[in-house]
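Work out the full structure, taking the sequences as your base and the hints as a guide.
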Amino acid sequence: MSADVTGPGIRFERVDKFFGAHQVLHQITLDIPKGLTTCLIGPSGSGKSTLLRCTNLLERPQAGRILVEGQEITDPKIDLDRLRTKIGMVFQHFNLFSHLSVMDNVALALRKVRGMKRQEAEAVAMEQLGAVGLAGFERRRPSGLSGGQQQRVAIARALAMKPDVMLFDEATSALDPELVKGILEVMRDLSRSGITMLVVTHEMRFAREVAGQVVFMDQGRIVEQGKPDRLFDAPESPRLRTFLDQVL
Amino acid sequence: MPIGLQRIQETFFDPAILWQALRTLVVVGLPNTILLSVLASLIGMAVGLLIATGLMAPRRLVRFPCRFYVDVLRGLPHILTIYLIGQGLPLAGLSIFGRDTYAYAALAIGLIEGAYMAEIFRAGLQSVERGQIEAARTLGMSGAQAFVYIMLPQGIRRVLPPLTGQFILVIKGTSLVFLLGLTATQREIFSIAQDAAINSANLSPLTAAGILYLLLTVPLTYAVNNWDRRMRMAPGSSR
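Residue numbers (this note's numbering), protein chains in the order written: chain Z, 1 to 248; chain L, 1 to 239.
Rather than coming from a laboratory, the hints here were simulated on the basis of the structure.
Each hint should be verified, as a subset may be incorrect.
As the list claims (entries may be wrong) - Computed footprint of chain L on chain Z, listed as stretches where at least three residues anywhere in the stretch have a Cβ under 8 Å from a Cβ of chain L:
(1) 77 to 84
(2) 96 to 105
(3) 152 to 165
What the hints assert, rightly or not - Per label pair, the in silico range of CB-to-CB distance:
(4) Z/Arg205 - L/Asp228: 41 to 51 Å
(5) Z/Ala21 - L/Gln126: 39 to 49 Å
(6) Z/Lys77 - L/Ala103: 43 to 53 Å
(7) L/Asn225 - Z/Glu185: 21 to 31 Å
(8) L/Phe68 - Z/Gly226: 34 to 44 Å
(9) L/Leu220 - Z/Asp81: 41 to 51 Å
(10) Z/Arg60 - L/Gln126: 20 to 30 Å
(11) Z/Ala174 - L/Ile96: 46 to 56 Å
Please read all numbers here as calculations on a predicted model, not as lab measurements.
A virtual CB, placed ideally from N, CA and C, is assigned to each residue, including glycine.
Dropping the structure here:
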């Protein structure tokens with residue numbers, strides 16, 4: 001099933017992941033529908049971040065296949081760097097390049113990976129920074145920004161590559177409470193744009209309002225998945241019920 | 001003045017001898033010491049960066065020889081290494097620099113410093129957060145690109161103070177090249193002072209040399225400490 005345009009945005013097929021002897025993912029099989037937002041929820045240590053990090057092979061699974069837009073990223077022969085440009089990622093701790101200006105954070109990969117001229121790359125970067133509400137911050141250093149602003153830069157940096165898929169790894173968990181809303185707002189806008197998103201989050205309200213699909217994981221397994229209303233209003237498994245009781 | 005004090009003064013601080021020695025020391029010795037220190041440090045930084053990269057290599061076949069290099073050159077007395085390389089290479093027919101003792105001296109000290117600087121660079125490179133490298137890789141950069149554009153510039157910037165501290169050690173280390181026998185115009189501070197001390201049967205030239213070394217090293221030490229403190233306090237210098 002190569003380059004199937006009508007297939008899912010991301011497909012996990014029987015994915016196993018071990019850290020040493022400890023198995024963190026058990027035979028994960030999951031489709032992430034194209035153009036929708038899928039939220040991964042679950043207690044810490046449930047393997048949801050690891051599953052996300054397998055999607056672009058920051059973690060390499062020991063078994064199983066992962067397909068992104070029909071291309072098998074787990075194929076050892078694939079041009080991994082090239083495929084990764086189609087998969088944007090936003091991290092919990094922003095991971096901005098601290099020695100570079102806001103502008104260069106966004107423009108660097110455009111120049112070095114996409115091969116754009118500086119002027120062209122900076123035009124794209126300006127546009128993306130404007131879209132996340134950071135016009136005028138181009139010359140600042142990451143250290144001079146609030147956490148919320150840093151995360152906006154990180155989002156702009158990922159979007160500048162025009163990815164087909166966006167991954168969010170607890171993008172608001174490291175933010176001060178008053179800054180969370182702004183980032184969720186940016187993510188909500190993005191989800192409406194029709195990009196495929198896979199979001200690991202503890203923000204249940206966001207999951208309920210924005211997700212097209214919610215996946216509940218526990219102990220390295222998918223326990224329940226479905227539409228957000230179904231999962232939140234009528235959880236079937238006791239584990240999801242317990243989890244929701246604790247977080248809501 | 002009591003006789004004891006007077007003998008001390010004559011032995012170490014004879015004004016005429018001190019003054020005379022100081023002239024050659026400043027005109028010939030000082031530039032040679034500085035030039036030798038700079039040359040050796042440049043070699044040391046090039047070697048150090050290369051070895052540091054090797055120390056972090058995932059392959060044991062690369063990592064192991066680099067580890068060996070660092071352990072051996074840091075483990076040997078400098079005087080022994082300088083002698084082995086400076087005298088040994090030409091003797092063994094490896095006269096890469098002809099009969100230019102100066103070049104062998106710079107190479108020998110540079111190779112030693114490379115081992116120390118490798119550890120400094122490695123610490124700096126490893127202090128760059130893994131998350132930044134991951135971010136670079138997710139944007140499609142290759143491992144080499146992430147190293148060159150993200151890890152290297154930050155790693156080097158963070159170790160500039162300890163690197164300069166190492167340069168101070170190099171300045172003192174150059175005094176060992178007298179072993180190799182230098183021509184009159186090539187002599188650095190210590191060999192000039194030593195020759196003058198023998199010729200005048202008086203230690204005052206060595207005192208003069210000591211003063212010169214201190215004038216170089218003490219201000220540099222304070223500058224480094226200051227710099228280090230400011231870098232530590234600078235917001236976001238490490239995050």
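Status of each hint after checking the structure:
{"no.": "1", "hint": "77 to 84", "result": "holds (count 3)"}
{"no.": "2", "hint": "96 to 105", "result": "holds (count 4)"}
{"no.": "3", "hint": "152 to 165", "result": "holds (count 4)"}
{"no.": "4", "hint": "Z/Arg205 - L/Asp228: 41 to 51 Å", "result": "holds (47 Å)"}
{"no.": "5", "hint": "Z/Ala21 - L/Gln126: 39 to 49 Å", "result": "violated (27 Å)"}
{"no.": "6", "hint": "Z/Lys77 - L/Ala103: 43 to 53 Å", "result": "holds (49 Å)"}
{"no.": "7", "hint": "L/Asn225 - Z/Glu185: 21 to 31 Å", "result": "violated (47 Å)"}
{"no.": "8", "hint": "L/Phe68 - Z/Gly226: 34 to 44 Å", "result": "violated (58 Å)"}
{"no.": "9", "hint": "L/Leu220 - Z/Asp81: 41 to 51 Å", "result": "holds (44 Å)"}
{"no.": "10", "hint": "Z/Arg60 - L/Gln126: 20 to 30 Å", "result": "holds (22 Å)"}
{"no.": "11", "hint": "Z/Ala174 - L/Ile96: 46 to 56 Å", "result": "holds (55 Å)"}
Checked against the numbered hints above, the structure breaks hints 5, 7, 8 and satisfies the rest.
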